[in-house]
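Student: This is what each chain is made of:
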Amino acid sequence: KQEVTQIPAALSVPEGENLVLNCSFTDSAIYNLQWFRQDPGKGLTSLLLIQSSQREQTSGRLNASLDKSSGRSTLYIAASQPGDSATYLCAGNSGAGSYQLTFGKGTKLSVIP
Amino acid sequence: EPEVTQTPSHQVTQMGQEVILRCVPISNHLYFYWYRQILGQKVEFLVSFYNNEISEKSEIFDDQFSVERPDGSNFTLKIRSTKLEDSAMYFCASSATLDRGQYGYTFGSGTRLTVV
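As they're listed, the protein sequences go chains A and B.
Quick note on numbering: my numbering labels position 19 of the first sequence as 16, and the sequence is numbered without any gaps.
Quick note on numbering: my numbering labels position 61 of the second sequence as 248, and the sequence is numbered without any gaps.
Simulated from the structure, these hints should not be mistaken for laboratory data.
Source: prediction; values computed, not measured.
The beta-carbon is built from N, C-alpha and C at its ideal position, and this holds for glycine as well.
The reader is advised that the hints may include incorrect statements.
Said to hold, decoys possible - Lysine-lysine pairs mimicking DSS-like chemistry, simulated, CA-CA at most 25 angstroms apart: (1) Lys102/A / Lys(-2)/A; (2) Lys229/B / Lys102/A; (3) Lys105/A / Lys229/B; (4) Lys229/B / Lys270/B; (5) Lys102/A / Lys39/A; (6) Lys39/A / Lys229/B.
What the hints assert, rightly or not - Between beta-carbon pairs, the in silico distance windows are: (7) Arg209/B / Gly13/A: 41 to 51 angstroms; (8) Arg209/B / Tyr73/A: 34 to 44 angstroms; (9) Asp258/B / Pro110/A: 44 to 54 angstroms; (10) Thr2/A / Met202/B: 29 to 39 angstroms; (11) Ser260/B / Pro11/A: 44 to 54 angstroms; (12) Gln201/B / Tyr73/A: 25 to 35 angstroms.
Here chain B stands alone, though its shape is the one from the complex (with noise of 0.2 angstroms):
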């Protein structure tokens, strides 16, 4: 079955620096997407790509968050200067799309962000 692969599993980082978060999505899919999930709450979407662009970003997805396809198999999260409350499993998922519907998404196992 292909999966979607991310890495670090696990990140801590001090509050101020940037980090990366890399994804690997399944090759054949269309659209990419990043979300996150606060200790405790929701699974929360931060932003979707596709075609090389951002098509739907949510408040959370501020200037301090960028997202790359830096070559046909990688995606990443950039946050540029992270917060304490940044601190969260952060998700990458990937799904098909049809002209008639879209299939299911695919999500990776996640690389959970500590900002101390």
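The shape of chain A in the complex, shown without the other chains (with noise of 0.2 angstroms):
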């Protein structure tokens, strides 16, 4: 059974830093992967999607990257801003006709001022 482990736990930092967020899978045959971002009490608003074909995918300040080969993934969040706030959770599926993603717990992000 997949598992997905997403270290830190938590992070505080001071706005302006770098930062980079870790996931990692049990079982390293992921399919697709997706960073998704959730506020306290709302949905999860999904970020960077990175397919079967791909390794990588850039959106603004954020980078993610994923190593099929180890099971890992890392989240690059480049000069951090108070508004990036969040808990930041890594999703992925296994293909081979199952489409269900599997989360990690997240990372809780705090970016001082």
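With the hints in hand, could you dock these two chains into one complex?
Tutor: Right, here's the structure in full:
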């Protein structure tokens, strides 16, 4: 059964810092990987999707990469801002006819002004 | 940007009552899903639905749960006899597929179900 671990569980950084969030899967056979943002009590906002043929995606100050050989993904946030404060979730599916996503517990990010 | 719409945003129900959670997925998406998140815990998969039938379900999705796409736009989750442990945020999601892969998920903003 696929398990997803996100490290660190919580992170507090001063505004302007670059930071890296980590995600690892027990089964490295990941088909698609998606990073989400969740604000307290709210839904999931998709940030980046890495599809089966891709290794990296970028959107603005965000960059996500996936190493399929090790089953690890990183989310890089450049020049962090207080508005980036939220919980960041990674999730993947294994393909092979299965589209269900397995989620990590998330990294709670606080960006201090 | 297309959205997945969920109603209601918050529902309180008495234990043993039936509830129906409603969702309007993105119109050209093919796969529909329900997930739930118990407070402080991971988001968990419940069920996926494609071509008017369940394609996958988790151990959580027992006989108390059912899903339906009653018309071309709505997708519903019914819990027949709610228990206290069904209290959670329930998320609806949809995705499109291509022959060679799958587009990412779009999630709704959730329905917070409180069973008292």
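Student: Each hint should be assessed against the structure and marked as holding or not.
Tutor: Hints, one by one, checked against the model:
1. A distance of roughly 16 angstroms separates the Cα atoms of Lys102/A and Lys(-2)/A; the hinted pair therefore holds under the 25 angstroms criterion.
2. Of the pairs offered as hints, the one joining Lys229/B and Lys102/A holds, with about 5 angstroms between alpha carbons and a cut-off of 25 angstroms not exceeded.
3. For a cut-off of 25 angstroms, the pair hint linking Lys105/A to Lys229/B stands: about 13 angstroms separates their Cα positions.
4. Of the supplied pair hints, the one linking Lys229/B and Lys270/B holds, its CA atoms being roughly 19 angstroms apart against a limit of 25 angstroms.
5. In summary, the hint linking Lys102/A to Lys39/A is supported, as the alpha carbons are separated by about 15 angstroms, within the 25 angstroms threshold.
6. A C-alpha spacing of about 14 angstroms is found between Lys39/A and Lys229/B, which places the hinted pair at or below 25 angstroms, so the restraint holds.
7. For the pair Arg209/B and Gly13/A, the supplied restraint of 41 to 51 angstroms holds, since their beta-carbon distance comes to about 43 angstroms.
8. Between Arg209/B and Tyr73/A the beta carbon distance is about 38 angstroms. The supplied range of 34 to 44 angstroms therefore holds.
9. Range check, Asp258/B to Pro110/A: Cβ separation about 48 angstroms, and the 44 to 54 angstroms hint holds.
10. Checked against the hint of 29 to 39 angstroms, the C-beta distance between Thr2/A and Met202/B comes to roughly 34 angstroms, which is consistent with it.
11. A beta carbon spacing of about 46 angstroms between Ser260/B and Pro11/A agrees with the range 44 to 54 angstroms that was offered as a hint.
12. Look at Gln201/B against Tyr73/A: about 47 angstroms separates their beta carbons, and that is not inside 25 to 35 angstroms.
In summary, the structure is inconsistent with hint 12 from the numbered list given earlier, while agreeing with all the others.
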